[in-house]
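Spelled out, the chains give:
Number of protein chains: 2
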Amino acid sequence: MKLATLADGRLDGSLLVVSQDLQRAVPVPAIAASLHDAVQRWDEVQPSLAEVYDALNAGRAAGARVFDGAACTAPLPRAPQWLDGSAFLNHGRLMEQAFNTPPIPDFDTVPVMYQGASDDFLGPQADVPLPSEADGIDFEGEFGVVTGPVPMGVSPEAALRCVRLVVQINDWSLRALGPHEMKTGFGFLQAKPSTAFAPVAVTPDELGEAWRDGRVQLKLHVQWNGERFGEPHGGEMNFHFGQLIAHAARTRRLTAGTIIGSGTVSNVARGAGSACIAERRVIEKIDQGEMRTGFMKFGDRVRMQARFADGRDGPFGVIDQRVVRG
Amino acid sequence: MKLATLADGRLDGSLLVVSQDLQRAVPVPAIAASLHDAVQRWDEVQPSLAEVYDALNAGRAAGARVFDGAACTAPLPRAPQWLDGSAFLNHGRLMEQAFNTPPIPDFDTVPVMYQGASDDFLGPQADVPLPSEADGIDFEGEFGVVTGPVPMGVSPEAALRCVRLVVQINDWSLRALGPHEMKTGFGFLQAKPSTAFAPVAVTPDELGEAWRDGRVQLKLHVQWNGERFGEPHGGEMNFHFGQLIAHAARTRRLTAGTIIGSGTVSNVARGAGSACIAERRVIEKIDQGEMRTGFMKFGDRVRMQARFADGRDGPFGVIDQRVVRG
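If you read the sequences in order, they're chains A and B. Residue numbers for the first sequence follow the numbering used here, so the first one is 1 and each next one is one higher. Residue numbers for the second sequence follow the numbering used here, so the first one is 1 and each next one is one higher.
FYI, nobody ran anything at the bench for these hints, they're computed from the structure. Ideal Cβ positions, reconstructed from N, Cα and C, are used throughout, including at glycine. Do not take every clue at face value.
Reference listing, derived: stretches of chain A covered by chain B, where coverage requires no fewer than 3 residues with Cβ under 8 Å from a Cβ of chain B [as the list claims (entries may be wrong)]:
| # | segment |
| --- | --- |
| 1 | 78-92 |
| 2 | 111-118 |
| 3 | 123-132 |
| 4 | 285-295 |
Could you put the whole structure together from the sequences, leaning on the hints where they help?
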């Protein structure tokens, strides 16, 4: 099942069921007011949503219209929680070198994760207002999951069964502010402005073979100002989403609608490119002796889209955003 | 004006106006469904709420009943954001010694702040389910503010004018988990289970002279299992709430209902005692050569109540919680 949220001026927007091919959509106000509402009452509404989805795909859903990702907010414009891991250890190791920070203890065995702001997410094609180019404006391409209710102390295996939806994320970052905030020990705050999401959230079964081992087995194609930047593969994630959820729920329950991110998708093979500028910069330093690529300027665009191994478009739609002076 | 939230089984509870003396309360469903709703529409609902408050204090509000803090949730059972500073530098400096962490850069001039979970706050007398005594269970007595909408890049002075309500907080902490999470640089997550709040949120004018210089000029009286633990004064806060809000809004706007905490109330004078166990422990180590006090056990209680300088009860009601095995 594919779901999206139409921007309608309300804080949670209104829920759309989107066709399998992303061409058509139908509003479903009679089933749930919003995706947030649907996630709260998932077991109750899921059968009705699936019925609409089947009708839409069969071309017989009343009220269907053309699907326009640009008219959508993030699937959840606000969420109870947004927790972002750093589950691609290749990225983390490179970033340690970039930031010149001390090695993170138990990095291979205990996930690292920060709590992000979840009150004000950006839509897939929303402009990104930021205060200064001097802050080191960077994108971060990620995958993520939306959970149902998760009990405290859940096992990684049971946690995987709490996954309701899979999403694609652009975790905007301000690199000049990150190292100071890491050194405080209190974590990222100013370094992580509002996060953006691709328009379509999908149930794991929509991914078919591309949802395996608790990971999204898709390449994430990233373009900066129309030029290829990288297409790292989500399967290289060192911790799976069940492990990330269990980590988050170690000392408290998670409420339905919690979003858990993978951290920047990153592959060991240099040929895959990167899903954020900071990673390319540190690779340049390691391989060529100096960082050559600058960060983003006002007016720059980034485009992100997942793809299946055979080149078909992924199920999440497109993130295509422009940075503007805030 | 004094406001509280009645536990009624719904996620946001229902809004109560509470009398000046905390003896009576009246539900106001016709004005706002919840405090969250009221904070979103503050300019619209504030006059009506003030009218009810005046009638209640004059003994002529229809539907008034006895006010029972134990029947309340946190004023906001969930909030768009929960950001907790560490604005009492005395506490931060002591904790550096306790955790044996490197000095935080620019600690005197730039506030430190972590993003906490805001989806599942605890009520003032709710049991606190935690997984293990070995995690180093600790309370932290704090003050905080609830903001209206805050624009990105706000000045500290303008930020102070965004304060809508003042609250009293118990920021539960698991001390055995904190140092590792600080060393990751990603900040607190498992070390900060659900935060609890005193029942009554008050507009700043309710504090009279005790709201001055952007600080809560009250003592916070803390008892552990019925014994005096400390009564540090909120006026010693090194950064005021306007500075904390401005710090949080440096690279993004804050939505209405954001809660900003002071961090543990802490005074330089040893005689004031402490508002958390970890601070007492490190003082013991410094003054007596070893930490003598252990952390909390299942079944232990903590009580927190603000008081005016003349000994009168503060305006927030009482936090009185018991730790239980989760």
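Going down the list of hints, with the structure as the test:
Coverage of the segment 78-92 of chain A by chain B holds in this model, with 5 residues showing a Cβ closer than 8 Å to a Cβ of that chain against a need of three. Against chain B, the segment 111-118 of chain A contributes 7 residues with a C-beta closer than 8 Å to a partner C-beta. That satisfies the three-residue criterion, and the hint holds. With a threshold of 8 Å between beta carbons, the proposed coverage of the segment 123-132 of chain A by chain B holds, since 3 of its residues qualify and at least three are required. Closer than 8 Å: that is the beta-carbon criterion, and the segment 285-295 of chain A has 0 residues meeting it against chain B, so the requirement of 3 is violated.
In the structure shown, a violation is registered for the earlier hint numbered 4 alone.
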